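This is what each chain is made of:
2 protein chains.
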Amino acid sequence: MKAEIITIGDEILLGQVVDTNSAWLGQQLFDLQIHVQQITSITDSEEHILQALTEASQRADVIICTGGLGPTRDDVTKATAAKFFQTELVHNEEVLEHVKQIFARFNRTMPDMNYGQASILANAEVLFNDWGTAPGMWVQQGEQVFIFLPGVPYEMKNLMQHRAIPKLKAFHSAEKLVLRYILTVGIGESHLAESIADIEDSFPSSAHLAYLPKIGMVRLRLTLNGKDLKELNRTADDLQQRLIDRIGSAVIATEDLSFEEVIVRDFVKHNCTLATAESCTGGNIARLITEVSGASEMFLGAIVSYANEVKVSQLGVSEETLKEHGAVSEETVIQMAKGAQERLHTSYAVATSGIAGPGGGTAEKPVGMIWVAVAGKNSVQTKLFQFHGDRLINIERATNQALLMLWNLYRQENQD
Amino acid sequence: MKAEIITIGDEILLGQVVDTNSAWLGQQLFDLQIHVQQITSITDSEEHILQALTEASQRADVIICTGGLGPTRDDVTKATAAKFFQTELVHNEEVLEHVKQIFARFNRTMPDMNYGQASILANAEVLFNDWGTAPGMWVQQGEQVFIFLPGVPYEMKNLMQHRAIPKLKAFHSAEKLVLRYILTVGIGESHLAESIADIEDSFPSSAHLAYLPKIGMVRLRLTLNGKDLKELNRTADDLQQRLIDRIGSAVIATEDLSFEEVIVRDFVKHNCTLATAESCTGGNIARLITEVSGASEMFLGAIVSYANEVKVSQLGVSEETLKEHGAVSEETVIQMAKGAQERLHTSYAVATSGIAGPGGGTAEKPVGMIWVAVAGKNSVQTKLFQFHGDRLINIERATNQALLMLWNLYRQENQD
Numbered sequence: 000m001k002a003e004i005i006t007i008g009d010e011i012l013l014g015q016v017v018d019t020n021s022a023w024l025g026q027q028l029f030d031l032q033i034h035v036q037q038i039t040s041i042t043d044s045e046e047h048i049l050q051a052l053t054e055a056s057q058r059a060d061v062i063i064c065t066g067g068l069g070p071t072r073d074d075v076t077k078a079t080a081a082k083f084f085q086t087e088l089v090h091n092e093e094v095l096e097h098v099k100q101i102f103a104r105f106n107r108t109m110p111d112m113n114y115g116q117a118s119i120l121a122n123a124e125v126l127f128n129d130w131g132t133a134p135g136m137w138v139q140q141g142e143q144v145f146i147f148l149p150g151v152p153y154e155m156k157n158l159m160q161h162r163a164i165p166k167l168k169a170f171h172s173a174e175k176l177v178l179r180y181i182l183t184v185g186i187g188e189s190h191l192a193e194s195i196a197d198i199e200d201s202f203p204s205s206a207h208l209a210y211l212p213k214i215g216m217v218r219l220r221l222t223l224n225g226k227d228l229k230e231l232n233r234t235a236d237d238l239q240q241r242l243i244d245r246i247g248s249a250v251i252a253t254e255d256l257s258f259e260e261v262i263v264r265d266f267v268k269h270n271c272t273l274a275t276a277e278s279c280t281g282g283n284i285a286r287l288i289t290e291v292s293g294a295s296e297m298f299l300g301a302i303v304s305y306a307n308e309v310k311v312s313q314l315g316v317s318e319e320t321l322k323e324h325g326a327v328s329e330e331t332v333i334q335m336a337k338g339a340q341e342r343l344h345t346s347y348a349v350a351t352s353g354i355a356g357p358g359g360g361t362a363e364k365p366v367g368m369i370w371v372a373v374a375g376k377n378s379v380q381t382k383l384f385q386f387h388g389d390r391l392i393n394i395e396r397a398t399n400q401a402l403l404m405l406w407n408l409y410r411q412e413n414q415d
Numbered sequence: 000m001k002a003e004i005i006t007i008g009d010e011i012l013l014g015q016v017v018d019t020n021s022a023w024l025g026q027q028l029f030d031l032q033i034h035v036q037q038i039t040s041i042t043d044s045e046e047h048i049l050q051a052l053t054e055a056s057q058r059a060d061v062i063i064c065t066g067g068l069g070p071t072r073d074d075v076t077k078a079t080a081a082k083f084f085q086t087e088l089v090h091n092e093e094v095l096e097h098v099k100q101i102f103a104r105f106n107r108t109m110p111d112m113n114y115g116q117a118s119i120l121a122n123a124e125v126l127f128n129d130w131g132t133a134p135g136m137w138v139q140q141g142e143q144v145f146i147f148l149p150g151v152p153y154e155m156k157n158l159m160q161h162r163a164i165p166k167l168k169a170f171h172s173a174e175k176l177v178l179r180y181i182l183t184v185g186i187g188e189s190h191l192a193e194s195i196a197d198i199e200d201s202f203p204s205s206a207h208l209a210y211l212p213k214i215g216m217v218r219l220r221l222t223l224n225g226k227d228l229k230e231l232n233r234t235a236d237d238l239q240q241r242l243i244d245r246i247g248s249a250v251i252a253t254e255d256l257s258f259e260e261v262i263v264r265d266f267v268k269h270n271c272t273l274a275t276a277e278s279c280t281g282g283n284i285a286r287l288i289t290e291v292s293g294a295s296e297m298f299l300g301a302i303v304s305y306a307n308e309v310k311v312s313q314l315g316v317s318e319e320t321l322k323e324h325g326a327v328s329e330e331t332v333i334q335m336a337k338g339a340q341e342r343l344h345t346s347y348a349v350a351t352s353g354i355a356g357p358g359g360g361t362a363e364k365p366v367g368m369i370w371v372a373v374a375g376k377n378s379v380q381t382k383l384f385q386f387h388g389d390r391l392i393n394i395e396r397a398t399n400q401a402l403l404m405l406w407n408l409y410r411q412e413n414q415d
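These protein sequence lines are chains A and B, in that order. Quick note on numbering that gives the first Met the number 0: the first sequence kicks off at 0 and runs consecutively. Quick note on numbering that gives the first Met the number 0: the second sequence kicks off at 0 and runs consecutively.
Some hints here could point you the wrong way.
Derived DEER-like restraints, expressed as beta-carbon distance ranges [unchecked claim]:
1. Y180/B to E93/A: 31 to 41 Å
2. K229/B to L176/A: 47 to 57 Å
3. D200/A to G225/B: 38 to 48 Å
Don't read these hints as lab results, they were simulated from the structure. Note that the coordinates shown come from a computational prediction; the quantities given were computed from them, not determined experimentally. Even for Gly, the Cβ is constructed at its ideal location relative to N, Cα and C.
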């Protein structure tokens, strides 16, 4: 079954909001064997909405529209959808009561403007919204479904999970899709591709291999399409295993895991623990690790030592070192890593110190210069990086490189 | 001038990657007075790419295509674009030398597969890529431009900044767009809308007001379209001032700033400093603050105390408190905030402790139960939250609420 997502609102087009909704929807729909073929982000103008609805309705079985359902004037999705379906908006007393209750729950009276929220497409089934005031709508026309959801991520996700997905499960698709993943570290995309070229050549026409590169790593995604799920799974397992055998030790995961998930899982398995001592990354490494469910089994904590006084008082960096070599130096970053390891009693610690920018650079220590240290069971490793991005890119790259260095030292010290 | 963005690649549709490129491109193009009208994400199949290119070329002046330029077989953008333009791919020796140099810079030999990277659309001008191996391309046809860029964010951004934007600046548009922002805290979207309804009623037809709600705050975006930039700016300033006067103290910023940027700017202005003591948010508050350029002037550091031992050793939480009330308790979170404030010598500290999930919940302390404390100059404030999201949503909401509580206490104690 094919789906398209239409997101409505200028904020995405102006780049003020990153569209995280669509990625989340893509994952949820994939689990239902519904495959998103296109995501279209448009302005909240009637003309654009009509055009996008028309085009999507010619291609997809399920069309999910997010955004523009609020009570304010810039929200035109509902009125436009009525035009598209050649129907009208009708007042729904049950929805009005529900919206009033939502306001009552927060001890607020409902502003008059919200009466409009009780206007529902005449051909729609209401998806009651317990997480906000704009109701969702489900419009079924023969074998085609249109789902209208608010754009606020929290409301959209809850409405989808609790209202729309149970209804979508009633649909069924003959076309099956099977996926396999291989996460590799330390081998470039094209070298990897050359080393497995003959295996790729021998793929059946139903199989497709995608290369998803990220700093220092490449994720391979193997996709198989067909009708016989059992047969697809057998072929997928076979192809995946042939790739794994060929790629060898660069393979660090054979499931759809993030690098952080691999680190957490492996550290737990080997009873290793981790702390971070972060200056320029500002807690970003700790944040990524703790986003992984189960991180508390291996991650004990972090010292974000943004100020030099905190490097001294909380990590034991010596004042002489700071004076002589500066905060952005190999000496300091080693003391930071060791300080975190000793004070938090962990087997591993990773430390960063650098100039993320845009300010703070000098001729000797320019913006983007970042030291990383990893302290392990038996040794400390350091590396100097010179990035050329903006502040956020420099932070992201330093974070990725720190995790890669941590992983490499960990693997040296903990061979299976 | 109108633009459309086409992103090519299954990973966005499958939800494995969030499309951050488009938001970044939207911002950059807006600064050039080029307005993104649509973002289309499609699979990397020839049929979809041809359809998207055809549709976009009928509507937009500038079409930016990202993704599918790599050397591997799943990358079909170049060959498909050649079909679209009814031209061919030609070998470019200069590009080949450039790609070889990129490999040489990393002390690697170029795999044969990369010879294909030197194949360039016959009608294109090369955008040389110093940040990766896939060259970008610029195709100009009369008043219309097509820009092809790799999908890797780091490469895409650099190619855009250093190669494409200088060329785009040569274009000019008669239609001008002027924006104004108002960031408000603590007033709901519909209450806000009601309170300014008469001002909105009096808007000229060239003006448009958008409401962008987020947890606890609403951002207003005022857009004006027209030909006379001076006149547009005068009207925008006038309308913005009328809104600010009406909304009053709920206005916390009148520029396009994030909440974190407002906090950093205001703390610096009032010589206030901040530390965080984070358990369930895992460094996410520190990360958001330190993403703001200039944060080092007010942010001294964070203690991410994921393990109880770290709460005791690094923040001075008493073992009796942990035994008697547990880590997720008002008593603990107060001691965490005070501990960070005292040990890092800051005027403010914010602390979080809770159960982000999915594991770790009990009947008494269910998943989503999160305590937040803010320690200020004269007082400590606490609040208990019960969220119902998944792990990432709970972390995000706890982070937002912690920043809101910090802001409210800060404002009480530092009136201008």
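TODO: Please write out, lowest number first, the hints stated earlier that are contradicted by the structure.
DONE: 3
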